[in-house]
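A.B. asks: Sequence:
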Amino acid sequence: MKDADERELVRLCLRHDRHAWERFVDRYSKYIHSVIVQGLRAGRFSHNREDAEDIFAEVFLSLVEKDFHLLRSFQWRCSLTTWLWIIARKKVLRHFRKKGVRTVPLAGTDREGEEPRRPAFLVSDEPDPSEIAGQEERRAILENTLTELGDRDRLCISLYFYEGLSYKEIAKTMDMAANHVGILIFRAKKRMQKNLKEKGMGDL
10 MKDADERELV RLCLRHDRHA WERFVDRYSK YIHSVIVQGL RAGRFSHNRE DAEDIFAEVF
70 LSLVEKDFHL LRSFQWRCSL TTWLWIIARK KVLRHFRKKG VRTVPLAGTD REGEEPRRPA
130 FLVSDEPDPS EIAGQEERRA ILENTLTELG DRDRLCISLY FYEGLSYKEI AKTMDMAANH
190 VGILIFRAKK RMQKNLKEKG MGDL
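Position 183 of the sequence shown, counted from 1, bears residue number 192 in the numbering used here, the numbering being contiguous throughout.
The set of hints was computed from the structure by calculation and includes no laboratory data.
Listed next, with one range per pair, are the computed distances between beta-carbon atoms:
hint : residue 1 : residue 2 : range
1    : Gly159    : Asn57     : 33 to 39 Å
2    : Gly209    : Ser71     : 37 to 43 Å
3    : Arg36     : Asn153    : 26 to 32 Å
Taking lysine to aspartate or glutamate and the EDC-like style, the derived pairs with C-alpha atoms no more than 20 Å apart in a straight line are:
hint : residue 1 : residue 2
4    : Lys107    : Asp63
5    : Lys39     : Asp63
6    : Lys107    : Glu62
7    : Lys75     : Glu31
8    : Lys107    : Glu67
9    : Lys199    : Asp160
10   : Lys99     : Asp184
11   : Lys99     : Glu62
12   : Lys203    : Glu157
13   : Lys75     : Asp26
14   : Lys39     : Glu59
15   : Lys39     : Asp60
16   : Lys39     : Glu15
Cβ coordinates follow ideal geometry from the N, Cα and C atoms, glycine included.
Could you put together the complete structure from these sequences and hints?
C.D. replies: The following block contains the structure:
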């Protein structure tokens, strides 16, 4: 499905078009289910068919509840399938937590391979009005930096900066080593700092 077609389908879903929602479910059900099953297997924890079905139901419920609040929040920074991948994998992580599997963020500062603090312009819920313009420009720099990365690296960085996942959560979600996640994020942050300095905006 082309991007324009996906946008139109989502637009119709948000207008409570029943047939559009049926097409949405039909279009993405197999994909979301496969992402869930792969996530459960990647976690290397015991699970059964009911686990996958429960998570599958949670994904679609989260998309429609509160008048499609979650689906309305999608801003097309990535493809719709990538975004659905993130939603499904986060539900898998929540499933692990319910089973008592802890995904604790790594303690760290800004050394390569360790977890840096997220920039304030990405985590502040109530920024000072005088800082909004600068924060928006920093966001733009982050997004420009993301365009320089490959798909896998871009998804990794997005999960950390936008979705708030820890290194361990990202590693489990993407089935990769936590230290590799740290290296990717460290390098991305350095690249952003370089771009900020070139624009005379200081550090993150």
